[in-house]
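Undergrad: The listed protein sequences correspond, in order, to chains Y and W.
Here the working numbering is used: position 74 in the first sequence is 74, and no number is missing along the way.
Here the working numbering is used: position 19 in the second sequence is 1019, and no number is missing along the way.
Treat the hints loosely; a few may be bogus.
Within a straight-line C-alpha distance of at most 27 Å, the following computed BS3-like cross-link-like pairs (lysine-lysine) qualify [said to hold, decoys possible]:
id, chain 1, residue 1, chain 2, residue 2
1, Y, Lys124, W, Lys1056
2, Y, Lys57, W, Lys1203
3, W, Lys1174, Y, Lys3
4, W, Lys1053, Y, Lys124
5, W, Lys1174, Y, Lys7
6, W, Lys1110, W, Lys1120
7, W, Lys1097, W, Lys1110
8, Y, Lys57, Y, Lys46
9, W, Lys1203, Y, Lys80
Now the in silico label distances, taken between C-beta atoms and shown as ranges [unchecked claim]:
id, chain 1, residue 1, chain 2, residue 2, range
10, Y, Thr230, W, Val1065, 31 to 41 Å
11, W, Pro1307, Y, Leu55, 32 to 42 Å
12, W, Asp1038, Y, Leu125, 44 to 54 Å
13, W, Gly1242, Y, Leu288, 24 to 34 Å
14, W, Gly1242, Y, Lys218, 27 to 37 Å
15, Y, Ile291, W, Asp1049, 42 to 52 Å
16, Y, Asp200, W, Tyr1187, 29 to 39 Å
17, W, Pro1273, Y, Gln199, 23 to 33 Å
18, Y, Lys218, W, Asp1049, 37 to 47 Å
19, W, Asp1116, Y, Ala29, 56 to 66 Å
20, W, His1079, Y, Ile65, 54 to 64 Å
21, W, Thr1090, Y, Phe90, 47 to 57 Å
Keep in mind the hints are simulated off the structure, nothing from the lab.
Heads up, the beta-carbon is just placed ideally off N, CA and C, and yes, glycines get one too.
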Amino acid sequence: MAKYVGKRVLLAIVTLFIICGITFFAMNAIPGGPFDGEKAVSPEVKAAMEKRYNLDKPVPEQFVIYMTNMLQGDFGISLKTGRDIKTTIFESFKVSAKLGGMAILVALALGLVFGSIAALTRNKLPDRLIIFFSTLFTSLPNFVLATLLLLAFCIKLKWVPVWDPNHPNYILPVIALSAYPMAYITRLTKTSMLDVMGQDYVRTARAKGVARLKVIFKHTLRNALIPVVTYVGPMTAYILTGSLVVEKIFTIGGLGSKFVESITNRDYTLIMGTTIFLAVLMVTMNLLTDIVYKAVDPRIKLD
Amino acid sequence: MYNLDKDIDKMPKKSPLSLQIDLQKFEKATEEEKRQQDVMSESVSFFRDGMRKLRKNPLAMGSIVVLILIVAMIFIVPHVVPYEYSQIITVNGKRDKTATNMGPFQYSEKEQAYIDEGGKIFPHIMGTDELGRDYFVRVIYGTRVSLTIGVFAALIVLLIGVLYGSISGYFGGKVDLVMMRIVDIIYSLPDMLMVVLLSVVLKEVLSVESIPALKNIGTNMLSMFIVFGLLYWTGMARLVRGQILTIKQNEYILAAKVSGAKSSRIIRKHILPNCISVIFISAALQIPSAIFTESFLSFIGLGVQAPMPSLGSLANAARAGLSAYAYKLIFPSIMICLITLSFNLLGDGLRDAFDPKLRR
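Chain W on its own, in the form it takes in the complex:
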């Protein structure tokens, strides 16, 4: 073996009998030619490439901005606005009975009198409800409740679905067969109907008063989580199992095995990057559907417990005085639409950017 770097100027003479290529026939590369071989752009990782694609998608970026704004509002508004979601408005320490059903930025007579005397009252940005509670704070709390339910439901689905699906996909054979038949049956149950039924029952059966940690959540919300955990993970389990099965059969996995890669490396480098994005995207898309379900349940009276508001129960309560106080319907409706629309658009954008199969 010749060290080409060192001995490049004194090319060895080719023995006339050798079949080797005569190195002296080669020309040395010029500096310019060498520079052409340099890597001009740095290598792009999978994540970076996806983010770059995502950044070019105005709809997805707009959704991110909207979602960040909503989350920021949820955290900031309760500290800025001096009202509680269950607090009936009091003026100067006295309950104000006239401050019900006010329009946005209106003040009641008592409040007006108090302001005229030089007192300060925080404006009711969205007016007040029929019991005289500040509606803006209620909408913000409702958003918080709805979003929390959405995120937790998605996490439950992610956890159960990934565990179940990967066990089924990993073991295969009879275990897989039995586990997937169970999924088939749960999948073919009419989900909304079962949600309604289970919510009715769990609401009556569960007693959370005994467990202090669960007391704050309330029976209805707890039963909602149980229902999500019982029914909605099947789609995720199927997805995970399918992903693992198809990826396991690819030639590059075989190639990696043949070239002696350890299974930890195969899982880390080949299986995970190919399915984790799909799994996360479908988990993200669970959030709006959970918010849909929650608002539907709240609407038919099976949602979160009063006085805690959720967007669905606010919209339901707004039907009572619909003709006179339409704004009470409009505000929570806009909030639900903004959240679900943003999550849907973001999910679509993420799928376009990160799904390896959709890449071109």
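Chain Y extracted, bound-state conformation:
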């Protein structure tokens, strides 16, 4: 196990390093420096500014400086607003984390319930309905769903108030974010439940007269959960990228809308900082998912 964890951690670190490299050198490839604004700056001032921000050094050295600063928690300052990027990221991430966390919980809980119901009522009406809706939800891009929800419940029916940072109402954004992962988990749970229900030990348990509910929860669902665990990593990535558009649509001032804003403003240092921050989150979640998966499934051989 230790060897496996070590190998995975190493791969994650290599991945993160590559991401930082791609991000840094890609941003540097964009023509034009940060001081080429509308106002012409005198060459002396420009040189002084470039010296101040280490821009006069060769690019590889800048990369080393950037990485050292970043490892010490310093992401630099935003090109457009001049604010510290670390504080911007952490403050806006508070909102996004709450939203994303709720979406993950909702997707997991509802997905498991619907998936189990579909498996237990195989080929009957509930199963058909659940599978129909989950197919529909997997074909609906989240920004379309989010805009439709906003249109229907905020604007036309006025059941839910428009987003207000002081009295946040998370219902609609959470639905928009969790619909796709929920549908995916539903389908995953159903196939995995059906798989386990065909196993010998489930038949044995039923034959020796174990109560139906106990068979479902103790023998079937517990084992059917294992494939669902593998989806948690990709789901986090989906929800984090989904928050880009969903936050923009509901005008929530989270990290997602900050990221989109930085893209439209061409605020390259902020894009860089946010990309690396999100990448660290996603890679860490994938790493945890893989380790947990190996830990909970006794059938998997560790190498």
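Using the hints, position chain W against chain Y.
TA: Okay, now just chain W, sitting in the frame of chain Y:
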């Protein structure tokens, strides 16, 4: 050796010392018995059998019909409707400034006056947008752009993935090890994040004006293809490599080798039929996911260049007047859903029909 067909009536006498079966103890087969041996149904090839199964799947057939209809619309509508996707509506040679944000089948005052005078104006089936462009044509062009991106992305993924995967699977050993580590790393990059990042950068860096062939595509679309080509082939490469490795180990390959089949025959008859369907199906399933990605990028402003529409950018533009002109969101949304739903259902149907491992 006796020629049984000829000498069937005069069975040879068995030598008493021989251990051979006495042929005279056998009865001749009657005509009816002979007929029972006839093959009643003609032999079914793999492809035919799959098609038969597919035809029995109503969802998959419905998806095919929907997709054919959409493709037909893409080709026919631009010839029938007399508007261009970037053309602001003109009445009688004059630009009509009042013809903005009209509902489906509405006419502006100028148009109405022109019709009353006896002029003919093609109805705006989905109304017009905020600049006074015919929305139906824009949605159809958007569908065309989105579908093109989807199909091309799938082709890029198919080409790179199959090449890389088969080289890795064929050579094996150290080559395989190194190639697969590279795939592991690319695979573990957060794809959407990298797509966004690369689109931002490529949009700035690429200059397509110098190459006339690329000028029509536009920087954004080109960078989208590059991004797909750089990131999305890893899944396909893994699939192809895995398929080749597992199939190579099967006993029937060994059996074919032992019975002296040439490697060209083994590849043609044994390896290809067993993996090509899986590969094509997963390539087909790339189309909706590419359309998803494209519409996502268009939505956050990194998609195709204006005035060219794509379904994602249309949906994004529709948010501006959402409460008053909801139909502008509904039409492209329905189109995206129809396309992705059809491809997903068709992909599932194809998998059920053609995947040898799922056959029962």
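Undergrad: If a hint holds in the structure, say so; if it doesn't, say that too.
TA: Now the hints, each set against the structure:
1. Y:Lys124 x W:Lys1056: With a Cα-Cα distance of about 20 Å, the restraint between lysine 124 of chain Y and lysine 1056 of chain W holds, given a limit of 27 Å.
2. Y:Lys57 x W:Lys1203: 26 Å, holds
3. W:Lys1174 x Y:Lys3: Holds, at roughly 22 Å.
4. W:Lys1053 x Y:Lys124: 23 Å, holds
5. W:Lys1174 x Y:Lys7: 19 Å, holds
6. W:Lys1110 x W:Lys1120: 12 Å, holds
7. W:Lys1097 x W:Lys1110: This hinted pair holds, its Cα atoms lying about 9 Å apart.
8. Y:Lys57 x Y:Lys46: 14 Å, holds
9. W:Lys1203 x Y:Lys80: 20 Å, holds
10. Y:Thr230 x W:Val1065: 31 to 41 Å: 36 Å, holds
11. W:Pro1307 x Y:Leu55: 32 to 42 Å: 37 Å, holds
12. W:Asp1038 x Y:Leu125: 44 to 54 Å: 46 Å, holds
13. W:Gly1242 x Y:Leu288: 24 to 34 Å: Taking Cβ atoms as reference, glycine 1242 of chain W and leucine 288 of chain Y lie about 25 Å apart, which means the hint holds.
14. W:Gly1242 x Y:Lys218: 27 to 37 Å: 34 Å, holds
15. Y:Ile291 x W:Asp1049: 42 to 52 Å: 44 Å, holds
16. Y:Asp200 x W:Tyr1187: 29 to 39 Å: Taking Cβ atoms as reference, aspartate 200 of chain Y and tyrosine 1187 of chain W lie about 35 Å apart, which means the hint holds.
17. W:Pro1273 x Y:Gln199: 23 to 33 Å: 32 Å, holds
18. Y:Lys218 x W:Asp1049: 37 to 47 Å: Check passed, 42 Å falls within 37 to 47 Å.
19. W:Asp1116 x Y:Ala29: 56 to 66 Å: Roughly 59 Å apart at Cβ, these two residues keep to the hinted range, so it holds.
20. W:His1079 x Y:Ile65: 54 to 64 Å: Given range 54 to 64 Å: holds, Cβ gap about 59 Å.
21. W:Thr1090 x Y:Phe90: 47 to 57 Å: 54 Å, holds
Checked against the numbered hints listed earlier, the structure breaks none of them; every hint is satisfied.
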